[in-house]
Amino acid sequence: GAGVSQSPSNKVTEKGKDVELRCDPISGHTALYWYRQSLGQGLEFLIYFQGNSAPDKSGLPSDRFSAERTGGSVSTLTIQRTQQEDSAVYLCASRSQSSYNEQFFGPGTRLTVL
Amino acid sequence: KQEVTQIPAALSVPEGENLVLNCSFTDSAIYNLQWFRQDPGKGLTSLLLIQSSQREQTSGRLNASLDKSSGRSTLYIAASQPGDSATYLCAVEGGSEKLVFGKGMKLTVNP
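From first to last, the protein sequence lines are chains A and X. Under the numbering used here, think of the first position of the first sequence as 1, with each following residue one higher. Under the numbering used here, think of the first position of the second sequence as 1, with each following residue one higher.
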């Protein structure tokens, strides 16, 4: 079956612009996660959705970052007024409801802020 | 705060060797531990998940063990091949649903 998909695969933007990153989870997966992978920091958790609600937003680095999920499916991560330190690979993962199941990752979106 | 460590950061071996990759974590209160593989420019591929009540999991040439009390996991790769070259990441999940990752180990298997 189809895995987690993300778009765009690459995004180059200018400092100060807003960007939207999209994640399509595996069909039927109720939990969705956003992570960020950067050279200096490794892989870091950003936010977690259960259905359309976000019980844990603790990893969002600033109020420039926000995310939403609609219909219990697609999620969008928005970064406003991008900064050069936002450059990273943004990874999305999903899994079925149980905490004992694997998280399945998408291919990521590579964001470059010039 | 949970911290996950993978040492060494990189390893280069000749083809055919049996390998042991190490992962340690500071808080033993985990739900599960997951090993991933990442190829350059790609996302993460899940290799094995060990639930907290389990001691090991096997998939093909891969075997992962978990010792919660000592905060350690090992990934054993038998008869390594050049196609095994990748970065291997260990991640643990506690009660907060999120995965906490190590920084990974870059493996190069030379033909």
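Please note that a few of the clues may not be correct.
[As the list claims (entries may be wrong)] 20 Å max Cα-Cα, derived EDC-like pairs, lysine to aspartate or glutamate: (1) X/Lys103 with A/Glu44; (2) X/Lys42 with A/Glu44; (3) X/Lys68 with A/Glu102; (4) X/Lys103 with A/Glu85; (5) X/Lys1 with A/Glu20; (6) X/Lys42 with A/Asp24.
Treat the hints as calculated values from the structure; they're not laboratory data.
Outcome of the hint check:
Taken as a hint, the X/Lys103 and A/Glu44 pair is honoured in the structure, with Cα atoms around 10 Å apart against an allowance of 20 Å. Of the pairs offered as hints, the one joining X/Lys42 and A/Glu44 holds, with about 16 Å between alpha carbons and a cut-off of 20 Å not exceeded. Taking the CA atoms of X/Lys68 and A/Glu102, the gap is near 18 Å; set against the 20 Å cutoff, the hint holds. A hinted pair counts as satisfied when its Cα atoms are at most 20 Å apart, and X/Lys103 with A/Glu85 qualifies at roughly 19 Å.
At roughly 30 Å between alpha-carbon atoms, X/Lys1 and A/Glu20 are farther apart than 20 Å, so this suggested pair is violated. Between the alpha carbons of X/Lys42 and A/Asp24 the distance comes to roughly 17 Å, so the proposed pair stays at or under 20 Å and holds.
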